[in-house]
Amino acid sequence: MLSIRNLDIGFGSGDLAVSKASLHIAAGQRLAVCGAAGSGKTTLLHAAAGIIPRLVRPPVISGEIELDGKPITTIAKDDLFTAISLVSQNVEDQVWDLSVEDLIAFPLENRAVAKADIRARIESLLVELELEPLRGRRVLTLSGGERRMVAIAAALAASPRLLVLDEPTTGLDPAARQRLVRILHKLGSDQLAILISEQDPAAIADVVDDIALLQSGALTPAVPKAALMDKPQPWIEAGILPPHRGRQPRKTYAEGATLLSIAGLKTQLARRDGRPVLESIDLEIKAGETVGLIGRNGAGKTTLFQSVLGLAKVTAGTLSIEGQDASKWTPARRARSVAYLPQNMRRILFNMTVQQEVTFAITASPAIPKDPAVVDTALAALEKYGLSSFREANPFALSTRQQALLGLACADAAGSAVAILDEPLLARDGQGRRMLDLFLDSTLSAGRAVMIISHDLELIADAASRVLVLDRGAITFDGSVDDVWDSAGYGALNWPAPAFMGVGQGAGQGAGQGAGKTDHAVL
Amino acid sequence: MLFYNVNFFIKLAVAFLIMLAAWLAPDWRYGVPLSALMLVFLAVTNVPGLRGYLKGAVLLVTLVIASWMLNLTLQGHAVFDSFQIALGMAARLVTTTAAFYFVMETSSPGSILAAASAARMPPVVTLVLSLTFGIIPMLREDFERIADAQRARGMEIDNVPFPVRLKFSLARGLPLLVQAIRMAHAISISLSIYGFDMKHKRTTWRNVGLMVEPMLPIKDRNP
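Heads up: the protein sequence lines correspond to chains A and B, in order.
Note that the first sequence covers residues 21 to 543 in the working numbering.
Note that the second sequence covers residues 329 to 551 in the working numbering.
Because the hints were derived from the structure by calculation, they are not lab data.
Values in this document were obtained by computation on a predicted structure and should not be read as measured data.
Treat the hints with care, since some could be wrong.
As the list claims (entries may be wrong) - Selected chain B positions facing chain A (Cβ under 8 Å, derived; list incomplete): (1) Gly482; (2) Ala512; (3) Ala514; (4) Trp533.
Unchecked claim - Quick partial rundown of chain B residues pointing at chain A, CB under 8 Å, derived from the structure: (5) Met432; (6) Met449; (7) Arg481; (8) Ile515.
Beta carbons: idealized from backbone N, C-alpha and C, even for Gly.
Please put together the full structure from these sequences, using the hints given.
And the structure:
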C-alpha cells in the first residue's frame, strides 16, 4: 500500500534527518519504527503520512513515496489525507479548543458528510474507543491519555487505510498504555494498516507485527518482532534501551539533612465531586535522595509540585525548604531552591539565547550578568551537557531533546536544593539516560536531592532510592524502591508489573488490594 | 448555562444592539445603569474569568475618566461637567466590552463552527470567526501559563512594584508571540490533514437553531 524508497530528507543544517530510508507497508500490516530521540522518527512518519512534502517542503528531499503505486505528490490532498491519518507525538498540535464530538466530527464536517452519518460515526467511535464518559468535554481539559485517544478517534473518523501514530504512549500511565494497546488490537482486526514510532519498544510490542530500527536517520529493514525483542545488541546499536533489560545497578549517596518537608497539605483545587485534589499530604525529601513519584494520570502529581512551587493554592498544611518555613514565600523565592523541569521544556523557556537561560537560572534575573563567575558557571554547564555550540542560539530553535538537556544544564548550574523532573523523556534512550545519570550524579554528589515524576517504571526502578505512590489525592506508599512493587499502594493502581520483574512476580502479590495484579500482561 | 448555548450569531447580534444602545445613550444617567446591568448579567451568568475582566474594566474606567477629564478641563469645561462626560464615555466602553466579552467567553470554536456551517457561510468566514473568537481565550491561558513559568524559574513578578510587573508582563509578549505562531502553524497543518478546504462548504454534526446543541446525546446510541 505505502512504499518509501531511498528517502533523503534534510532541513538545511548539517546531517540529513532521514537518509536513504526505505519501508513498505501492506494493507493490514502493523509496523513499528523504533529509534532514539532525534533519530528522525517524526520526520520519517511525516513523510509516510504525506505531510512531507505535501504540506511542509524541506530544503532537501529526494527518493520516492508512493501510495498504491502512485507518487503521493500526484494524489489529490483530500484523497491522500483521507487514506492516511496521523496522530502527532505532541497531540496538542492537532487539537485546539474543540469539544470531543467536534474534534471527531471535524474531518467529516469538512468533507460535507451528512449530519445523520456524522452523528452515527461519532457515536460508534465513542463506543469503540471507550470514550463515552467524555461526551461534551473540551479536549484541552482532558488528561494526556484521554486527549490522545480522542485524537486517534478523530484520525479514524474518515476511515483511513493507514493510521500513523508518532510515539503514542508518550505521557500515558501504564493503565492508559494497556487501554491504547487493547484498542489498537481492536482496530487491527480489519484491513487498517498501522505505522507506529516509539522509543520504548516494549510498550507497543503486543500490537505490531514487524519492527524497523532508525539510527541517525538510517532505517534498518523491517523484521518480525520476535527476531528482535530478545536480542539486546540491535537496540543498543540503535541507541535505545533494550526492551527486556534487567534493573540497572544504582549508585548510592549518603543521605543528609531534610531539604523539603510538607505536612498536612490540602489544596484548594477540588475534583468534580468536591474533594480536594490533594489532602493530608506529608512528605520529606532528604539530601542525597532520588525520590520517584508515580500515580495515575490525574492523581494529583502536577498539583503536588505546583503546590510546592506556590503555583496552586493550598488551604492547609506547612511547607519548609532547607529548614525554613516557606509557606509564605512567593513562587519565585521557592523556585530558587526548587528547580522544576517539565516534560515539555518549551513551557518554561523565555530568554533570547541558550546562555541567557542558564544565567537566568543562576541569577533569577533577565539582565546580562556582570559577574564573570556566573558566565563561567553557565558555560561549564552548557559544556557538560553538550550544548556549548548552541549558546547563542534561541532556545526555541533547539530540538526537543536539546531543550531537555538545556533544562538539566539550568538546574545543574542553579544548584537548587531539590530538582523536580517531570516525565523526563530523555531517559528512554541510551544517550539521554547517560545525560540524566550525569545530572543525578552531579546533583546528589553535591548534597542536593531529585524528585522524578514518571510513568516509566523501569526508570523509577533504576534511578530512585525511594518511591511515593500518589493515588486519589493521598500518598498511599512511601518507602524503598525495592518494596513498592509488592505494596498495597502499588497494587491499588491496578497497573501491570514493571517489565524487569517478569510475568508472575510482585506487583501487589501478598498485598490485599493488589491481589490479581499478575493477571495483567507484562508490556 | 442556558445562555451559553444560544446561537453565536444571535449572541453577536444582541451584543451589537447593546453596544448601539450604549453609544446612543444621551448621557451618563442612561449609560451607567446600562453598564451596571451588563456587569450584573455577567455575574449572574457566571462568565469565566469575570474577576480578570473586572480588573481590566476598572483600569479602563480610571484611564478614560482621567484622560477625558484632563482634556476637557484644559479645553475650558467645568470639572464636574468634564467628569459627567468622561463617566458617560467610560460607561459606553464598559457596556460594549462587557457585551462582547460575554460572546467571546461563552462561544467555543466548536459552537461557532457549527453555527457558521449551519448558516452555510463560506468556509473562509467560518474559519476566521472560529479562530478569532476561539483562540483569544487560548492565548490568554498561554499568557497566564508563561507567567507561571516565569515564577517557576524564580522571576519575582508578584512581590514587586506595579511598573516592574507591567514590564515583566510586556516581556511575556515574545514567548506569547512564539506560541501564537506555533499554534497558527499547528492549526494550519491540522486543518489540512482533517480535510478543511476553502472551496467546499462544511456540514455540522450539531442541531443548530436559536440554540446550538452542546453535546451528542446518549439517546443517539440507538437512533
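Hint by hint, here is what the structure shows:
1. Gly482: With a minimum Cβ separation of about 4 Å from chain A (threshold 8 Å), the hint on Gly482 (chain B) holds.
2. Ala512: Violated, because the Cβ-Cβ distance from Ala512 (chain B) to chain A comes to roughly 10 Å (cut-off 8 Å).
3. Ala514: holds, 4 Å
4. Trp533: Check passed: Cβ of Trp533 (chain B) comes within 4 Å of chain A, closer than 8 Å.
5. Met432: With a closest approach of 12 Å, the Met432 (chain B) hint is violated.
6. Met449: violated, 13 Å
7. Arg481: Holds: closest Cβ of chain A sits about 6 Å from Arg481 (chain B), inside 8 Å.
8. Ile515: Interface hint status for Ile515 (chain B): holds (6 Å vs cutoff 8 Å).
Hint violations for this structure: numbers 2, 5 and 6, all remaining hints satisfied.
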